[in-house]
Amino acid sequence: MAVLTAAPGRGSRVTRLRRKIQDNLLAYAFMAAGLACFAFFSWYPLVRGVILSFQQDNFVTPPYWVGLDNYRALFADPLFYTAWRNTLLFTGLALIFGFVLPFFIAVLLNEFRHFSGFFRVLVYLPVMLPPIVAVLLWRYFYDPGSGLFNTVLRGVGLPESQWTQSSSTAMISLVLVSTWANLGGATLIYLAALQGIPGELYEAAELDGASIWQRLRHVTLPQMRFIMLVLLLLQIVATMQVFIEPFALTGTSNPDTVTVLILVYRYAFTVNQDFGLAAAMSVLLFVVLGAFSALYLRLTRTGD
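Residues in the sequence shown are numbered consecutively from 0, following numbering that gives the first Met the number 0.
The set of hints was computed from the structure by calculation and includes no laboratory data. Be careful, since some hints might not be right.
[Claimed, not checked] In silico SDA-like links for lysine to any residue, alpha-carbon gap of 20 Å or less:
no., residue 1, residue 2
1, K19, F29
2, K19, M30
3, K19, A35
[To be verified] Label pairs and their calculated CB-CB ranges:
no., residue 1, residue 2, range
4, L45, F242, 14 to 24 Å
5, T14, F118, 55 to 65 Å
6, L88, A26, 44 to 54 Å
7, S11, N109, 50 to 60 Å
8, Y43, A203, 21 to 31 Å
9, A31, F118, 42 to 52 Å
Even glycine gets a Cβ: it sits at the ideal position worked out from N, Cα and C.
Given only the sequences and the hints, what does the whole structure look like? Please build it.
Rendered as structure tokens:
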């Protein structure tokens, strides 16, 4: 009797296991094309770049293994430290404008009751432009001769500026371009988070006599903490990889605006023409960003 009652249960378990395997195989079959594309265009270049960083290769003559010589050459290059300093400076300035300013713009847009859609499109419009188009537009604004900004300065009787050609204003000029081009995306994310905050919290704060700044501090910021932490990480990773702005506005030879990716470009295509040296610089950037991201996520998770 025990055998007869156990057999149906064992058979049902085998059937469920077989059905589960079949379902997973079908799912992986649908995912196979996507996984293959992801592996070919993401994982393979990553592994190939790490291998290339230990070689000397100009893609013309056969490559040969040099071991850690590429990394030693990087640390011996004075421009290596200049590039990292400029990149960190750009990241810090970009966060001051590109992280804080979208939040206050989103708070302002959230208070609009009329023409709110128009202002949202207006804020997001620069994001829809191709990055190189936005940079070329600002290059006209920064033109020291007939540029828009110097024309305005002359009109109000103020001294003109060299903007991207001056060591004192070159970096901040790049930051303004990057902030204007990417402001809309962060603003809309903040705006969506603001509209997800329950209105009862604000009503309770108003009944307790809280001012606007007190509601912002004690209701808005705590409710948006997770979104702000995620955006902070994403913006740091993105600004550390700045390339288009300095490449199009100041070139690759200006020491005041040479960034990490600009130095990668110099190693690969202009000065050294050594893709192994460029790959070594890219691997270092990957390691730095990966370590920072892991530490940041660890600290924020511990805080939560």
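Hint-by-hint comparison with the structure:
| no. | hint | in the structure |
| --- | --- | --- |
| 1 | K19 / F29 | holds, 16 Å |
| 2 | K19 / M30 | holds, 16 Å |
| 3 | K19 / A35 | violated, 23 Å |
| 4 | L45 / F242: 14 to 24 Å | holds, 18 Å |
| 5 | T14 / F118: 55 to 65 Å | holds, 59 Å |
| 6 | L88 / A26: 44 to 54 Å | holds, 47 Å |
| 7 | S11 / N109: 50 to 60 Å | holds, 55 Å |
| 8 | Y43 / A203: 21 to 31 Å | violated, 55 Å |
| 9 | A31 / F118: 42 to 52 Å | holds, 45 Å |
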